[in-house]
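Heads up: the sequence lines are chains A and B, in that order.
FYI, this note's numbering numbers position 238 of the first sequence as 238, with every residue one higher than the one before it.
FYI, this note's numbering numbers position 216 of the second sequence as 1216, with every residue one higher than the one before it.
Derived by calculation from the structure, the hints in this document are not laboratory data.
Just so it is clear, the structure is predicted and the values come from calculations on it, not from any experiment.
One or more hints might be untrue.
To be verified - Here's a subset of chain B near chain A, in silico, CB distances under 10 Å, partners left out:
| no. | residue |
| --- | --- |
| 1 | Thr1067 |
| 2 | Leu1069 |
| 3 | Ala1134 |
| 4 | Trp1139 |
| 5 | Val1159 |
| 6 | Val1177 |
| 7 | Pro1203 |
| 8 | Val1206 |
| 9 | Ser1208 |
| 10 | Leu1209 |
| 11 | Ala1210 |
| 12 | Ser1213 |
| 13 | Leu1224 |
| 14 | Asp1240 |
| 15 | Asp1243 |
Think of the CB as a built atom: it goes at the ideal place given N, C-alpha and C, for glycine as much as any other residue.
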Amino acid sequence: MNAAQSWIVVADDAAATGLVEVARTLGTEVVAVVAGRRAVAEAVAGVVDRVLWLGEPGTAPVEAFAPDVARLVAEAAPRAVVGATTPGGRALLGAVGAALRSPVLAGVERVELAGDDVVVTRSVLGGISQHRTAVAGGPAVLAVDAGAAVAVSDTAAAVEEVAATPLPAQVVEVRPTTVAGVDLGAARVVVGVGRGLKAREDVALISGLAGALGGEVACSRPLAEGVDWLPKDRYIGISGQRVSPELYVAVGISGQLQHMVGVREAKVIVAVNSDKAAPVFAQCDYGIVGDLYQVVPALTAALGGTA
Amino acid sequence: MKIVVAYKWAPNPQDADVAADGSVDLGRAKWAVSEYDPVALELARQLADATGGEVIGLTVGAAGIDTPLARKAALSRGLDRLVLVADDALDGADGTRVAAVLAAAVRGIGDVDVVLAGDSSVDVAAGQVALTLAGTLGWLGLAAVSAVRVADAGTAGLVVERELPAGTAVVSVPTPVVLAATADAVVPRVAGMKDILAAAKKPVEVLSLAELSVAEPGAVLTTLATAKPGGAERTARIFDGSDAAAAATELVGALRQSGAL
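Just chain A, with the same shape it has in the complex:
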């Protein structure tokens, strides 16, 4: 194993800051293998020590280069291989993991070195627990959040073109997305509602509060998948969305871990619940113990909205 090196695998996306950061922690020399356009390879060359580029992909999807990426990584046997959690990133990492017979670790929160072993702190089981895991005997293969686009740099490594034999597949058309779904991730304020709500028509109460706050309505799992009062793309929790708004208001939500992992990164959390012993009150910044049917209209009114 080449312990001084860590590699990043790039799937046609210059958003690789997160990959480089993790790779720098784990190796003194960072080598990138880039599947995708030359422009991506050149951008990445500004922030790593060496770039291997697999040539212009033409109409081939980035996944077609997975065997080439895996071959190059396996030959080098670096201490760590880092890729993105995007569909393309996971395809490249899958081939790498298979070639090295090494698990691909996801949910990565922190990495460190303990001697020659890579130690990874990661969230597991959808975020309900956190493990510190040592990887020994072989390279650590890590799937991490890609992060922002790499910064433009004046001093760049040379882009070395490597011959590739992509699998035969062709992108024949790309239709830009036109359907606008709700983007909870971009909302500054999110109001989540749970089982405390008694009837479907009462969702209007919550919409009123969200409107007064200039925010979006979300819900806990039972309202999206149990009774179907709200669409699934508004469900927050371990198998739903994770959001990090400035303000999250949990209305009629008890505060089970499975829901709260989805709002952990919110800056301020407000809870409204009639049960003063509800776990949500131990996980919020402000709380009102009271009947949501009284409190929500009062809040909407206090904010200057129409209850």
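Since chain A is already given, all that's left is putting chain B on it; use the hints.
Below, chain B without anything else, positioned relative to chain A:
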């Protein structure tokens, strides 16, 4: 066309109890065909019906995944037959090892054109196994697949649609190929009484792990510590809502003061 659906019989962490030290008790968790896998099963059935093909279910895991209930749950969702690898040596196996066992079973089934899988499992939720399976087999692996059909007459392979950030990509792919579906690619059928009764008569083949040729792991994981996920420490300021209007005014005041509004 021979289609394999790689699915998982898994516990739902929604019902897990997490102790203060982060240890997870799945004792109360309900086991089922993993959340998004029925979508893959439905896509496979529709593709097979369009081509006169066969759909084979494939799952691997600890001995406990092979129960009459688990067999029926999968077989009642449009499968023609089922292949299982159930061995306690696979209890808690990492995704790369699971993919290696799936790959060995796919090779054993033979002449497979397509492997379909769900977006991600309900428990591990990494969306990685299907793509590592593709890597193990040396096949093309595509995630985020929202539709799949056979190519037009005169052309080989399949046409798949993928939901990617840039939009919907239409990709012409040769077989064999591994496809991981989006969570809402199709609406899966609900198994009726007839499907459940028919499931009991469908063939099930149990492969022994020892007889499959699966490479030894190249890296070893050791769990050093577990913890309950932290997040920011929050100290709640609680208002009494018995006078809702007063509590609302106080809260809005506090939020304005702190800059949250």
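Comparing the hints with the structure gives:
1. Thr1067: violated, 22 Å
2. Leu1069: violated, 21 Å
3. Ala1134: holds, 6 Å
4. Trp1139: Because about 8 Å separates B/Trp1139 from the closest Cβ in chain A, which is inside the 10 Å limit, the hint holds.
5. Val1159: The hint holds - B/Val1159 has a Cβ within 10 Å of chain A, the shortest such distance being about 8 Å.
6. Val1177: Holds. Min distance 8 Å.
7. Pro1203: violated, 30 Å
8. Val1206: Status violated, d = 25 Å.
9. Ser1208: violated, 21 Å
10. Leu1209: violated, 16 Å
11. Ala1210: B/Ala1210 check fails; min Cβ-Cβ to chain A is 18 Å, beyond 10 Å.
12. Ser1213: violated, 13 Å
13. Leu1224: Holds, about 4 Å.
14. Asp1240: holds, 6 Å
15. Asp1243: At about 9 Å, which falls below the 10 Å cut-off, the nearest Cβ of chain A leaves the hint on B/Asp1243 intact, so it holds.
In summary, the numbered hints that this structure violates are 1, 2, 7, 8, 9, 10, 11 and 12.
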